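In the working numbering, the protein residues as written are 1156 to 1307.
No wet-lab data here; the hints were simulated from the structure.
Some hints could be false.
[Stated by the list, open to error] Label pairs and their calculated CB-CB ranges:
id, residue 1, residue 2, range
1, His1302, Glu1199, 22 to 32 angstroms
2, His1302, Glu1186, 34 to 44 angstroms
3, Thr1275, Val1169, 13 to 23 angstroms
4, Glu1238, Lys1166, 25 to 35 angstroms
5, Arg1245, Ala1197, 30 to 40 angstroms
6, Pro1300, Ser1210, 37 to 47 angstroms
7, Gly1242, Arg1194, 34 to 44 angstroms
8, Val1188, Asp1267, 30 to 40 angstroms
9, Leu1243, Ser1297, 37 to 47 angstroms
10, Arg1215, Ala1191, 36 to 46 angstroms
11, His1299, Gly1259, 34 to 44 angstroms
Just so you know, these numbers come straight off a predicted model, no measurement behind them.
Every residue, glycine too, gets a C-beta built ideally from N, C-alpha and C.
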Amino acid sequence: MMRLIAVGRMKDRVDRDLFQRYAERLTPKLEMVEVAEGRGAAAEIKRREGQALLSALPDRAFVIAMDEGGRAHASLDFARHVERWLGLSRPVCFLIGGAEGLDGPVLARADDTLSLGPMTWPHMLVRGLLAEQLYRARAIASGHPYHRAGRP
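Assemble the whole structure, with the sequences as input and the hints as a guide.
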């Protein structure tokens, strides 16, 4: 099982369609769980959102926190990581925080961290980008021609 647990509700149809285009093609499927955005001062928002993310984790989950300080991988390397994670026979869960980022206890709980690069991405767009990269990783692992390695 793969699950994406994210802060906030996807309201924009374009963002939702992008996520679903890839999530529905994946094996195993990528399920999305949305938790409420926090209210209050920045530290309180992070704390509340962090608690909600951690509460949504299934037992024994292998947790990958999406964080700007996480590791960025080339596609082939990411495919190897995804295969290793899926081989653990544990639910694989990706966590995406809100605008304030992930709280310390969330990062401490994470088994790994992942970055989509040094640029800042809108949180709703990250969902679609992650789903596409997971689809690409699974295509690489299965030998499907979706990924075209190398440059002309």
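Now the hints, each set against the structure:
Separated by about 42 angstroms at the C-beta atoms, histidine 1302 and glutamate 1199 break the suggested range of 22 to 32 angstroms. Taking the beta carbon of each, histidine 1302 and glutamate 1186 are about 23 angstroms apart, not inside 34 to 44 angstroms as hinted. Between threonine 1275 and valine 1169 the Cβ separation comes to about 19 angstroms, which falls inside the hinted range of 13 to 23 angstroms. Taken as a hint, the range 25 to 35 angstroms holds for the pair glutamate 1238 and lysine 1166, whose Cβ atoms sit roughly 34 angstroms apart.
Distance hint for arginine 1245 and alanine 1197: a CB-CB separation of about 32 angstroms, consistent with the stated range 30 to 40 angstroms. With their beta carbons about 41 angstroms apart, proline 1300 and serine 1210 fall inside the hinted range of 37 to 47 angstroms. For glycine 1242 paired with arginine 1194, a C-beta distance near 40 angstroms keeps the hint of 34 to 44 angstroms intact. In this structure the supplied range 30 to 40 angstroms is violated for valine 1188 paired with aspartate 1267, their Cβ-Cβ distance being about 19 angstroms.
For leucine 1243 and serine 1297, the hinted distance range of 37 to 47 angstroms is not satisfied, since their beta carbons lie about 19 angstroms from each other. In this structure, arginine 1215 and alanine 1191 break the distance hint of 36 to 46 angstroms, their C-beta atoms being roughly 25 angstroms apart. The hinted window of 34 to 44 angstroms between histidine 1299 and glycine 1259 holds, with their beta carbons roughly 39 angstroms apart.
Consistency with the previously given hints fails for numbers 1, 2, 8, 9 and 10, ordered from lowest to highest.
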